[in-house]
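2 protein chains.
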Amino acid sequence: MTKAVVLLSGGLDSATTLAIAQNNRYDCYALSVDYGQRHGSELAAADKLARCLGAREHKTIKVDLTVFGGSALTNKSIAVPTQGTKGGIPVTYVPARNTIMLSLALAWAEVLKSYHIFIGVNVMDYSGYPDCRLEYIAAFEKMANLATKAAIEGAKLSIHTPLINLSKADIIRQGISLGVDYSLTVSCYQADQGGRACGVCDSCRLRRAGFELANVPDATRYKPYI
Amino acid sequence: MTKAVVLLSGGLDSATTLAIAQNNRYDCYALSVDYGQRHGSELAAADKLARCLGAREHKTIKVDLTVFGGSALTNKSIAVPTQGTKGGIPVTYVPARNTIMLSLALAWAEVLKSYHIFIGVNVMDYSGYPDCRLEYIAAFEKMANLATKAAIEGAKLSIHTPLINLSKADIIRQGISLGVDYSLTVSCYQADQGGRACGVCDSCRLRRAGFELANVPDATRYKPYI
Chain X
1 MTKAVVLLSG GLDSATTLAI AQNNRYDCYA LSVDYGQRHG SELAAADKLA RCLGAREHKT
61 IKVDLTVFGG SALTNKSIAV PTQGTKGGIP VTYVPARNTI MLSLALAWAE VLKSYHIFIG
121 VNVMDYSGYP DCRLEYIAAF EKMANLATKA AIEGAKLSIH TPLINLSKAD IIRQGISLGV
181 DYSLTVSCYQ ADQGGRACGV CDSCRLRRAG FELANVPDAT RYKPYI
Chain A
1001 MTKAVVLLSG GLDSATTLAI AQNNRYDCYA LSVDYGQRHG SELAAADKLA RCLGAREHKT
1061 IKVDLTVFGG SALTNKSIAV PTQGTKGGIP VTYVPARNTI MLSLALAWAE VLKSYHIFIG
1121 VNVMDYSGYP DCRLEYIAAF EKMANLATKA AIEGAKLSIH TPLINLSKAD IIRQGISLGV
1181 DYSLTVSCYQ ADQGGRACGV CDSCRLRRAG FELANVPDAT RYKPYI
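Residue numbers (the numbering used here), protein chains in the order written: chain X, 1 to 226; chain A, 1001 to 1226.
No lab work stands behind these hints: they were computed from the structure.
Misleading hints may appear alongside valid ones.
[As the list claims (entries may be wrong)] In silico EDC-like links for lysine to aspartate or glutamate, alpha-carbon gap of 20 Å or less: (1) X/Lys-149 <-> A/Glu-1135; (2) X/Lys-62 <-> A/Glu-1212; (3) A/Lys-1059 <-> X/Asp-170; (4) A/Lys-1062 <-> X/Asp-34; (5) X/Lys-59 <-> A/Asp-1034; (6) X/Lys-59 <-> A/Asp-1064.
My request is simple: use the sequences and hints to build the entire structure.
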């Protein structure tokens, strides 16, 4: 089997990405990044998902992006918006997050002698997100193929983005067909310790709309006051 | 003044790079990465250098690359070579290290609204190092200019590599002309707590030869048994 490093946040998209990679018969090494996000329940979810979906191994690496701040997710004094998206890039955007995560995945891939990285980016969610676009991913892949000892020795690394052009509803339909238990996933920006969602942040709204459009019961566990 | 993020390891090259950036009238934000290297004296050196060379601010961010290992610098069971370089990429190569460091610098740059990153890479040291080559740096810069909100808004980020084609002797001459106190820098892969160098690892050998070729007294503080 071919080894792949799969970035796994614990949310709906990355869980589906892992299920797709497993279904494509990759030997999956799931990587989560503890970057100082507002809550740890996403990372606990990643751990469960890696096991349930059959990843070979799961590692969580810590890189404290609260040192830089600049986002509602890495600076607790910036509130998470709960009134719906307004267009443009929201304050939950974390500067260079995908670049940092892909760089860490690249490091592990090189150590594992793996030439495949999966990331669940998606252009549809927030059309303004710079590091979710195909041209960005292509540029990262090109850079990665100059960056490592493996690349110099002739290996060709591929970045796989199986969700990039799917709607949230399509992602959910595909995940369900692959047996993903979405009640285990945590997408909410401000989930509680137990992983229960607020229902009103942008991430919750997108996810909830996805279940509706997919005509599938919403598996999300919400906080009791919703 | 124009803001710049300067990667500062605490070694000779990055100290010189910071001195060059300061001399070019950038307002310098020095960034060190605690990636689990074998000793902390390099980071202590970075802190002193940032102050002595007049950086506006200095941050150290922790990202524990020992989680992946794969290098003599991140896995203590792999010995640091002390018999001189043998050609090829040595075991002290850390997978994707410069990509990870540049990604972190990119994150801070975006938060600071800075469009300049300095890194002291140098092709001459180990000709085999993939992530010290100009074509790699150019590819990173291209990717970075697709990665961020700042880039989408039209800002153009530049990665500056003032040492890329210099010999170690040239770097030392330039640093001395700019007043760098090299006794504060730590290049050794296995320095002691006080920052004293072993004298025999590849990094020590290259540095020592640099001082000799530059015809400058070697400012390095060596361990007493050398």
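Hints, verified against the model:
no.	hint	verdict
1	X/Lys-149 <-> A/Glu-1135	holds, 14 Å
2	X/Lys-62 <-> A/Glu-1212	violated, 41 Å
3	A/Lys-1059 <-> X/Asp-170	violated, 43 Å
4	A/Lys-1062 <-> X/Asp-34	holds, 12 Å
5	X/Lys-59 <-> A/Asp-1034	holds, 19 Å
6	X/Lys-59 <-> A/Asp-1064	holds, 12 Å
Violated hints, in rising order: 2, 3; the structure is consistent with all others.
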